[in-house]
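Here the protein sequences line up with chains Y and L, keeping their order. Each residue of the first sequence is one higher than the one before, starting from 1 at the first, in full-length UniProt numbering. Each residue of the second sequence is one higher than the one before, starting from 1 at the first, in full-length UniProt numbering.
Because the hints were derived from the structure by calculation, they are not lab data. Keep in mind that the hints are not guaranteed to be accurate.
Since the list gives no way to pick out one identical chain from another, each pair is judged satisfied if it fits inside one copy or across any two copies.
To be verified - No more than 30 Å apart at the CA atoms, straight line, and that leaves these computed lysine-lysine pairs for DSBU-like: (1) LYS126 with LYS161; (2) LYS155 with LYS18; (3) LYS126 with LYS30; (4) LYS125 with LYS161; (5) LYS41 with LYS30; (6) LYS125 with LYS30; (7) LYS155 with LYS170.
Just so you know, these numbers come straight off a predicted model, no measurement behind them.
Listed here are the chains, written in short residue letters.
2 protein chains.
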Amino acid sequence: MSEQEIPGYTYGAEAVAKSPVSLEDFDLLKKTVLFTEEDEKYLRLAGEVLADQVDEVLDLWYGFVGSHPHLVHYFTNLQGEPDSDYLAAVRKRFGQWILDTCNRPYDQDWLNYQHEIGLRHYRTKKNQTDGVQSVPIINYRYLIAFIYPITATIKPFLEKKGHSADEVEKMHQAWFKSLVLQVTLWTNPYLRPEDY
Amino acid sequence: MSEQEIPGYTYGAEAVAKSPVSLEDFDLLKKTVLFTEEDEKYLRLAGEVLADQVDEVLDLWYGFVGSHPHLVHYFTNLQGEPDSDYLAAVRKRFGQWILDTCNRPYDQDWLNYQHEIGLRHYRTKKNQTDGVQSVPIINYRYLIAFIYPITATIKPFLEKKGHSADEVEKMHQAWFKSLVLQVTLWTNPYLRPEDY
Numbered sequence: 001m002s003e004q005e006i007p008g009y010t011y012g013a014e015a016v017a018k019s020p021v022s023l024e025d026f027d028l029l030k031k032t033v034l035f036t037e038e039d040e041k042y043l044r045l046a047g048e049v050l051a052d053q054v055d056e057v058l059d060l061w062y063g064f065v066g067s068h069p070h071l072v073h074y075f076t077n078l079q080g081e082p083d084s085d086y087l088a089a090v091r092k093r094f095g096q097w098i099l100d101t102c103n104r105p106y107d108q109d110w111l112n113y114q115h116e117i118g119l120r121h122y123r124t125k126k127n128q129t130d131g132v133q134s135v136p137i138i139n140y141r142y143l144i145a146f147i148y149p150i151t152a153t154i155k156p157f158l159e160k161k162g163h164s165a166d167e168v169e170k171m172h173q174a175w176f177k178s179l180v181l182q183v184t185l186w187t188n189p190y191l192r193p194e195d196y
Numbered sequence: 001m002s003e004q005e006i007p008g009y010t011y012g013a014e015a016v017a018k019s020p021v022s023l024e025d026f027d028l029l030k031k032t033v034l035f036t037e038e039d040e041k042y043l044r045l046a047g048e049v050l051a052d053q054v055d056e057v058l059d060l061w062y063g064f065v066g067s068h069p070h071l072v073h074y075f076t077n078l079q080g081e082p083d084s085d086y087l088a089a090v091r092k093r094f095g096q097w098i099l100d101t102c103n104r105p106y107d108q109d110w111l112n113y114q115h116e117i118g119l120r121h122y123r124t125k126k127n128q129t130d131g132v133q134s135v136p137i138i139n140y141r142y143l144i145a146f147i148y149p150i151t152a153t154i155k156p157f158l159e160k161k162g163h164s165a166d167e168v169e170k171m172h173q174a175w176f177k178s179l180v181l182q183v184t185l186w187t188n189p190y191l192r193p194e195d196y
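For reference, chain Y alone in the conformation it holds in the complex (with noise of 0.2 Å):
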């Protein structure tokens, strides 16, 4: 599927909002997870690695949150019960996050999509772009705690195109400081501004 045709995947469109989050401020919390150029290179690598594997990581993935009833709870209707359409939606823009996640240059769009990922998790926007009924908001500490199956689950996929035991290590550090970075991203909506 290209880009144009997932529902609701506004990556650089005029419609997003610019991220309160400075380049200036980023690039001192990609000191801070010593994010270098050579991880946008492994980052590269890892784009070709998974993609042609993307169903197969958003199969494991979507396995996960439906085998724990409490976070499909996210995806439910007001009747309690799972909205395959929702989760449907959201899926294809979770298997196009993977591919900007290694492809896309980290720069004021991406900045400005990472916001934008957030403010769709919080009460911000939440439900809007699919215009469903549900849950008000994701709760904070599962944007947390999701850092570690969605960082230990990738490797194995990273480890399915002959790469050597270092490579596939790079790739997958890449990955981890990358994550850690736009869950940083992410959750800036929930915080105040000061406490930022």
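Given chain Y, put chain L in place with the hints provided.
Relative to chain Y, chain L alone:
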């Protein structure tokens, strides 16, 4: 140094308030990061491995913080200079934290102390424990970002006592899971309760 000799270390004391996170909600967080009894076992092993390396670990972490003005900032006095007494006082508790992460049962006392640690990073109690005059808060974004360096840099220390690659990896994953859990708990005071 015995625990009793560490100024400001109040683990298990009555003065430590009850965590707003219930054991039931903590159990769901553990499920979310795939934390099991096997992780407890490997944390205990990590505790044995790290016991006589605590000072070297702290040297590395303090070197990292000290070499980045945007990080050492949180230990500066009102004249903007690093407060060496403050840094030294925190260091003793930081060393004990490494051991507690590995050796303590993650029960109500532990949960309460994680909340206390969070309060000491937030405006509520920052600077109080050590009676210092410093910046009023550790900004949120660096608590999340620190998940990466505190996870990545521990691995070489886990490798130093002749354990197999598989054992080292299991110790490291248990450490990573624990750190994600703890940062989730530490940041509670930064969040509106209804968003957490």
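Subject >> Hint numbers contradicted by this structure >> reply: 1, 2, 4
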